[in-house]
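Protein chains in written order, with the working numbering: chain A, 1 to 218; chain B, 1001 to 1303.
Read the hints as simulated data drawn from the structure, not as lab findings.
Please note that the accuracy of each hint is not assured.
Derived list of chain B stretches under chain A, where covered just means 3 residues or more per stretch with a C-beta under 8 angstroms from a C-beta of chain A [said to hold, decoys possible]: (1) 1015-1022; (2) 1072-1081; (3) 1106-1116.
Far from chain B, some chain A residues (derived; all Cβ distances over 10 angstroms) [to be verified]: (4) Thr31; (5) Asp149; (6) Leu187.
Positions of the beta carbon are idealized from the N, C-alpha and C atoms, including for glycine.
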Amino acid sequence: MTRLLAIDDSNRGDHYYLTPDDSCFFLHEFTARKGYGHSPANQFIFNFKKSPLKQNEGHYHYKRQAIEQAIRTYRQLFDQAPNIYREATFTPIPSSRLPGDPAYDDRMWQVVQGVCAGKGADARELIVQTQAYEAAHLQGPEGSRIKPDELRAIYRLNPPPPKSTVVVFDDVLSAGSHFRAVKSTILAAYPGTTVYGMFLARRVLPDTSDDFDVLDAL
Amino acid sequence: MTLASSPAFGAVSPMREMGAYEWLWQQDDGPVKPSFKAVAQLFRDNPGALPSDLVDPDDAIACARKVLARFEKSGVGQFSVRMNGIGDYQDKLRDAENPLEFLYYQGNWDLAYSPRRIAIVGTRSPTDEGVRRARKLTALLVKENYTVVSGLAKGIDTIAHETAIAHGGNTIAVIGTPLDQVYPKENAELQRQIARDHLLISQVPVLLYARRSPQWNRLFFPERNVTMSAVSHATVIVEAGDTSGTLIQARAAVAQKRLLFILDSNFRNPKLKWPHKYEEKGAIRVQDFDDIKERLHDETLSD
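Given only the sequences and the hints, what does the whole structure look like? Please build it.
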């Protein structure tokens, strides 16, 4: 049976912005470098992150398969404790692009919808991003890394208020800036909410560039 | 939430598993002395169990904290762990006689799945000819995109790693010390480089190693040869004596049904009995690089 793994004191240091009061979980460790993807986990992440710009290429169906695999795995996990469907709001972390951009990818929203299908859960895009940040942060002085505060400034919450627990889904946990920005946005409006981060993989290898950009280009 | 409380969603805490594994190895005053055999047997007797299922959570966390403190003190840096049945454990490791339930690693775990993994091993005191052969063989294998696996020991192991790196290849080191130790000391920089740019694997319990004498700790070295063979598709022995620890790996390779290659020069040494013994068990005598390449081709396509 698949089990989630927890971010704890042994691995939190790999995710710069996370603090001990963050509850984050992951399924795999992403360790690919230079585009190598020999391990099942790395292949899964590479497939999951294939850019929509490549949707006419033959290998793009692997992305669909990876999304379905993610949905199956999470459903299997949550079915062990099905109360979560009733008690929590399920939301993706917003895509770095805005709808309408040819590179806009709603893969995490597809996962959330698939996970909650038929469960009567509060599944929705709770957080919206009001503007794209791609261009700005690529030109940033510190490479492509974006800080939680910068993201928070462009995040807004969609009504209605979330339930007392929010499960936030993203694919690869890198520095943790997106999770931190989402969590603080939710807590600022609804103090006392329990926010969980659910990741397909955590990035293990140190990388000077923030990995999701490298991956998004694949 | 206290550290010893269970994570939500029934999640596995790598820290707690690490601590539980370390705790199991600390019980050397109990009825069964910890060893890879004893630990593997414990998990055979408790199928599906994780280390944390067998150890008190507070004991596990206490041990884990000690490990983290040691790692921090010695500047180990980023590391991670692998557990049987969880996440990205390489199932090839199950072919070992006493398969590992838990291991530490640093670097690029993806290499544990790279398509052509070959262990190059041999004596710590090679002849000049042995050194030359190890270099040449490694360079040829790297050119053919093999990942070179070895044990970071003096002699052939060091040559294999260094040559692989010098030729722009990938290498995996399976060490006989914990991540916070280096043996031999002169390989400290090589170990750091492999941990950073390649893959470094250690199955050695940190806390037990820290309090036992070097004489006892030497016993971990042959154990890692078994893992080295298991993680590889094949093993090549460059040069070894009849009493060499390298032969542990020869035995493991045969037991794990891995290809075992022995360089021809070993057969031509009239003092050595082991090459003939292992040839009878199915080892392949290598006179030419093509002897390896041809045999490995089919073997390495599946994983």
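Hints versus structure:
1. 1015-1022: The restraint on the segment 1015-1022 of chain B holds, since 3 of its residues have a Cβ under 8 angstroms from chain A and three suffice.
2. 1072-1081: Three-residue rule met by the segment 1072-1081 of chain B, so holds; n is 3.
3. 1106-1116: Satisfied; 9 residues make the cut.
4. Thr31: It is violated; threonine 31 of chain A is separated from chain B by about 4 angstroms at its closest Cβ, not greater than 10 angstroms.
5. Asp149: holds, 25 angstroms
6. Leu187: Holds, since 17 angstroms exceeds 10 angstroms.
In summary, the structure is inconsistent with hint 4 from the numbered list given earlier, while agreeing with all the others.
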